[in-house]
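Protein chains in written order, with the numbering used here: chain A, 1 to 342; chain V, 1 to 342; chain E, 1 to 342; chain H, 1 to 342.
A hint or two may mislead.
[Claimed, not checked] The calculated label-pair distances, taken between Cβ atoms and stated as ranges, are:
hint: 1; chain 1: V; residue 1: A68; chain 2: H; residue 2: E48; range: 22 to 30 Å
hint: 2; chain 1: E; residue 1: A144; chain 2: A; residue 2: A43; range: 19 to 27 Å
hint: 3; chain 1: E; residue 1: S224; chain 2: V; residue 2: D126; range: 38 to 46 Å
hint: 4; chain 1: V; residue 1: K39; chain 2: E; residue 2: S224; range: 36 to 44 Å
hint: 5; chain 1: V; residue 1: I284; chain 2: E; residue 2: G262; range: 40 to 48 Å
hint: 6; chain 1: H; residue 1: P81; chain 2: A; residue 2: S261; range: 31 to 39 Å
hint: 7; chain 1: E; residue 1: A144; chain 2: A; residue 2: K7; range: 30 to 38 Å
hint: 8; chain 1: H; residue 1: A273; chain 2: V; residue 2: A274; range: 41 to 49 Å
hint: 9; chain 1: H; residue 1: E48; chain 2: V; residue 2: K255; range: 56 to 64 Å
hint: 10; chain 1: V; residue 1: D65; chain 2: A; residue 2: E41; range: 31 to 39 Å
hint: 11; chain 1: V; residue 1: D126; chain 2: H; residue 2: D336; range: 43 to 51 Å
Derived from the structure by calculation, the hints contain no laboratory data. Since the model is a prediction, treat every value here as computed from it, not as a measurement. We put the CB at the ideal spot given by N, CA and C, even for glycine.
Protein chains: 4
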Amino acid sequence: MSKGKMKVAVVGATGYAGCELIKILLMHPEVTITSVSGKVEKAEKISEIFPIFENQLDLVCDNADVPAISKAADLIFLALPHKVSMIFVPDFLKAGKKVIDLSADYRLKDTGVYEKWYGTKHTSPDLLKDAVYGLPELYKEEIAKANFIANPGCYPTGSILGCAPLVGKGLVDINQIIIDAKSGVTGAGRAASLALNFAEVNENFKAYKINQHQHMPEIDQELSKVSGSKIEVTFTPHLVPMNKGLLSTIYFTLKEETNTSGLLALYKQFYRAAPFVRVLDEGIFPETKNVNGTNFCDIGIKVTGKRAIVITAIDNLYKGASSQAVQNMNLMQGFDETAGLL
Amino acid sequence: MSKGKMKVAVVGATGYAGCELIKILLMHPEVTITSVSGKVEKAEKISEIFPIFENQLDLVCDNADVPAISKAADLIFLALPHKVSMIFVPDFLKAGKKVIDLSADYRLKDTGVYEKWYGTKHTSPDLLKDAVYGLPELYKEEIAKANFIANPGCYPTGSILGCAPLVGKGLVDINQIIIDAKSGVTGAGRAASLALNFAEVNENFKAYKINQHQHMPEIDQELSKVSGSKIEVTFTPHLVPMNKGLLSTIYFTLKEETNTSGLLALYKQFYRAAPFVRVLDEGIFPETKNVNGTNFCDIGIKVTGKRAIVITAIDNLYKGASSQAVQNMNLMQGFDETAGLL
Amino acid sequence: MSKGKMKVAVVGATGYAGCELIKILLMHPEVTITSVSGKVEKAEKISEIFPIFENQLDLVCDNADVPAISKAADLIFLALPHKVSMIFVPDFLKAGKKVIDLSADYRLKDTGVYEKWYGTKHTSPDLLKDAVYGLPELYKEEIAKANFIANPGCYPTGSILGCAPLVGKGLVDINQIIIDAKSGVTGAGRAASLALNFAEVNENFKAYKINQHQHMPEIDQELSKVSGSKIEVTFTPHLVPMNKGLLSTIYFTLKEETNTSGLLALYKQFYRAAPFVRVLDEGIFPETKNVNGTNFCDIGIKVTGKRAIVITAIDNLYKGASSQAVQNMNLMQGFDETAGLL
Amino acid sequence: MSKGKMKVAVVGATGYAGCELIKILLMHPEVTITSVSGKVEKAEKISEIFPIFENQLDLVCDNADVPAISKAADLIFLALPHKVSMIFVPDFLKAGKKVIDLSADYRLKDTGVYEKWYGTKHTSPDLLKDAVYGLPELYKEEIAKANFIANPGCYPTGSILGCAPLVGKGLVDINQIIIDAKSGVTGAGRAASLALNFAEVNENFKAYKINQHQHMPEIDQELSKVSGSKIEVTFTPHLVPMNKGLLSTIYFTLKEETNTSGLLALYKQFYRAAPFVRVLDEGIFPETKNVNGTNFCDIGIKVTGKRAIVITAIDNLYKGASSQAVQNMNLMQGFDETAGLL
């Protein structure tokens, strides 16, 4: 049945991103999942961990074993926590496998910055130069040629896609970029935690890690690259009582007054070849429910004088993690960029 | 300001029931809170644990110390987990304090049943006979004379109030009592747990401990007492994605056909002296939002031939725990039964 | 791209079932959507009604026009409200189209019962005999030969699948079947309504239409057919504060005592050829999140003496409506039964 | 029982603010509710509209009749929609009653601005000068002497309290004030609306009325007053899938670099006499659950260089509407400012 399909493995299959990744890969026309693994106390069927896969995926999930996985699959997705990913990545690359790493471990090119924000030394700094930042809307060609992808974080995806056209064209005061972001709860990962208990989160709204979230240096790095100048944004993430969805409200100070339709035209032009960015018409703005379960990033814009407000919405587990990883795989393998994606 | 007010202590102040109990006691006209304690790693202000109490209650929460608490207060509320409560209760009683225990430790009169359902030996079985089951609608007089109350569980409160009139009058087949109960998430307590994480509970509905919840023997014991015959109900609890509220849908097989208005009249008569039971008019049924934040139990009834459906709603943390404890205190102290309660 | 694919139309595309149906059909390998229609004030793009379809489905939604739709498509899905569906069905059948009707209009075979529960005369009673009840687990062969399907209601789907094995084998007291069902809010349809406003539903739980829901006679009709004797169940639906998911807790009185494993074996045997029924292992019970977004019906069982508790879970908009309609289409067209379905 | 208590009326009792206002007034030690009214199709008991009041408030709610209400009560709360309030206010004032108006009708002092934002001519512009803006933290003395209060909107309350110290001291660039606000759903009022249906709002997050919400000119007016210079803020409201709570994340550009502790000291000093403003310690930030059901406004601050982020949280129906109205009443009547308030 899966004859001729590419064999893929999911390492880190017990988290939310891993679960969604499996769902997407199960429907993908070009691949077959041959291995799932993750941190487990004892080996058990993936359908015991996520009963939704009963009757759909008959694989046992055990702790990751690089030789066995490398034998079973040609492309490896790692949906592991940061710091854990860099334990496995070097060996998979050595084994000649293609790797798409959903963690933060190979996104920051400056090991000092990594150490500051993630609190640990990087153990394979030599590989950083090989990792292509997997944001297809900016780096489609590099991704197509890559063997190793550092898949972007959820907040950076929504933020960078909202900023790149204005920053790239040099139209804004780069010292006055404010990103007010709001994410569903799956963004915090799948683990026991009082702070994430239903009764603590439901009927509650809060900001957290105000101007000190570890995704901020990733945004800064990428926008600085786009701009050519060093950018440090103001970034405040918030926790929304919902499972999925990420909305970013971004405030810019324009160098020159313009109007909404002018900026919309710029964004539509910038993303004309991006099948998963939808720049909405004037007066229409993103809602997370319109992108949930899809790989889309929706963008809406409102300009008043020199103030531009750009709003982006993505599914934090899809375009912010798993479906973007599949989009990267599609590009790496020469599949249709949209294969298996909604 | 609190001159002449009775001094009360809350032991187990760090859980949801303890938190709500403090809220109620803060507004109560006859008492003042002089001590809060609970399992903590180090002493900290109660407003650091529950910031809602900042500017409202200036007490430090430390691990429970019986002599200090006994010195500070005349009546002790214990909102501790079962098994933990019986460590403290004997000493408070020995110190001559009035005790209202919100745990299950002194509810079951048969130590064999306790051991079976709670998995541990009872360490003070001699005190069981002194503990009055604190359901004021059935035992108001005993409560008024008691020094020691075993405050009912949330499921038993909603179930027993729904069953007592029919069971007490011998109008139903006692082998065919089915209680299908649905509770908000705070019923599971305040602790780190993957199963209770927001993203696991939200947009999900499930049954759990099907016909084997530890509240079932408590319901059986109390209904058997009401009936005079041994009763074993069928009991299925469910978890609802909401913080608070408990609805019980109870199915009876009547011995004789009757109609809705006849049963409603029976219930209104039965609860005529109960200020916190509201028997709703024909065609109107309980919703948890109408009792949340109150000490009310709402009851609605629908009869079709020999099938009677009785639906009750309570706030699981109020009438199912904290406000019922305050109602019991009011009765024990000779305060107005409704003092400080909505 | 869609060469050789069957052309299908969705009439009633503006409701929740219509929206989900479009999502499923967009990913289906054998069909292409050529027409969407529904009650609209003026024609507009379907992506204006449901922005999630922007870039995915470029069709205009107008009020239904039978000749135009019949010209555009070979199989017609009607996701219309009851009473509205029977205005269109006769004309589509006359035009030689295959019809899958998701409304209740052709499910009840007794027009008197229809009139009693839906409050209106049936306008095409002659067509009732042609409508095959589209529950593939019971009527796969009839569906495969049918041109006209009455697609089951959500509550009946969950209830009948939970009851059929026990009722069919005559193992239970058919006068003591109690179905306590709990549904997400999309079951109530997509319309302005104060009772369905977020702030009325969120943090609330209630029963409604107690023992008088219009899906009850449909359950009675189908279980009577399975049993050979007239069955009238007790049925209480409840509203859960979540978008999707339907859990039914069903209580039976067994004629003879048995045990859980015995009943599970019976159910597994009964559904051995049903790819979308998953009978769970002993001690495991359904949760709605494990079926949401899928066509599965999960079943768990617990037996205590003569009391059997059977719990079923479905996605009310998928197996309870849209994906079941697609499963029916697959059977009618000779596609793989699971094509395009998770 | 209510001897000596002041008689108050609630006009507009059928909305969410009216409902919460009644709850607060029922527990208030100094007043008794003698009249409730609102737009109803026919007179009915308030406990039929809000069943939570069964057994608690035995009043009939009919359409507002000024002479009857004026006879029954000495102080009138109007919790009516804007445009409706100004139909009633002049007559109550003429009747010599004290009036606390929760609508927007008398908040904007410039009738041109009112007309622009509310789309209608003001019908009693002569009364605008008599209406004291009821934000006690800024105008306690004026309120104490007033007969007529324009109670602030929810967004303005959270915004102004967060801005006043910095703006009043002239420490920020007043052209760079950005308010990113997030509100629970009750803020939108209690009415049938597809956009507010549970299934449309749940699991969704969106911005709305981006930089064109009708509360924006109210914020501008009040901050301009505080500043002495004309201020126009950037203001983006968002809808959070929760019933209650309002968090505002406010971004300032400081004229001079400072640090978090410096600004916190300024805010603590500014609000030293405000019993309902809690300036949180460094590193602690507001969450809506810590203020829900209370009259508190919590404030947290984070400074990085010249960027100051001030976050405020209130309960949109309490400090943002009903409990603030009661705080105003307390001041007008010379009651303790905190009487009846948590």
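22 to 30 Å was suggested as the range; check whether the CB atoms of V/A68 and H/E48 agree with it. Violated, since V/A68 and H/E48 (Cβ atoms, about 51 Å apart) do not stay within the stated range.
Would you say the C-beta atoms of H/E48 and V/K255 sit inside 56 to 64 Å of each other? 34 Å, violated
Range first: 41 to 49 Å. Now tell me if the beta carbons of H/A273 and V/A274 are that far apart. 46 Å, holds
Check the following: the C-beta atoms of V/I284 and E/G262 are separated by a distance inside 40 to 48 Å. 43 Å Cβ-Cβ, so the 40 to 48 Å window holds.
At the C-beta level, are E/A144 and A/A43 separated by a distance inside 19 to 27 Å? Violated - the Cβ-Cβ distance for E/A144 and A/A43, about 41 Å, lies outside 19 to 27 Å.
Distance restraint hint 31 to 39 Å, applied to the beta-carbon atoms of H/P81 and A/S261: 34 Å, holds
Range hint compliance [Cβ, E/S224 to V/D126, 38 to 46 Å]: Since the Cβ atoms of E/S224 and V/D126 sit about 58 Å apart, the hinted range of 38 to 46 Å is violated.
Range hint 36 to 44 Å (beta carbons of V/K39 and E/S224) holds or violated: Violated, at about 57 Å.
Okay, V/D126 versus H/D336 on CB: inside 43 to 51 Å? Given about 49 Å between the Cβ atoms, the range holds.
Just tell me: holds or violated, for the beta carbon distance of V/D65 and A/E41 against 31 to 39 Å? Once the Cβ atoms are compared, 38 Å apart, the range 31 to 39 Å for A/E41 and V/D65 holds.
Determine whether the Cβ-Cβ distance between E/A144 and A/K7 falls within the hinted range of 30 to 38 Å. The hint (30 to 38 Å, Cβ to Cβ) holds, given that E/A144 and A/K7 are roughly 35 Å apart.
Of the numbered hints given earlier, the model fails hints 1, 2, 3, 4 and 9; all others are met.
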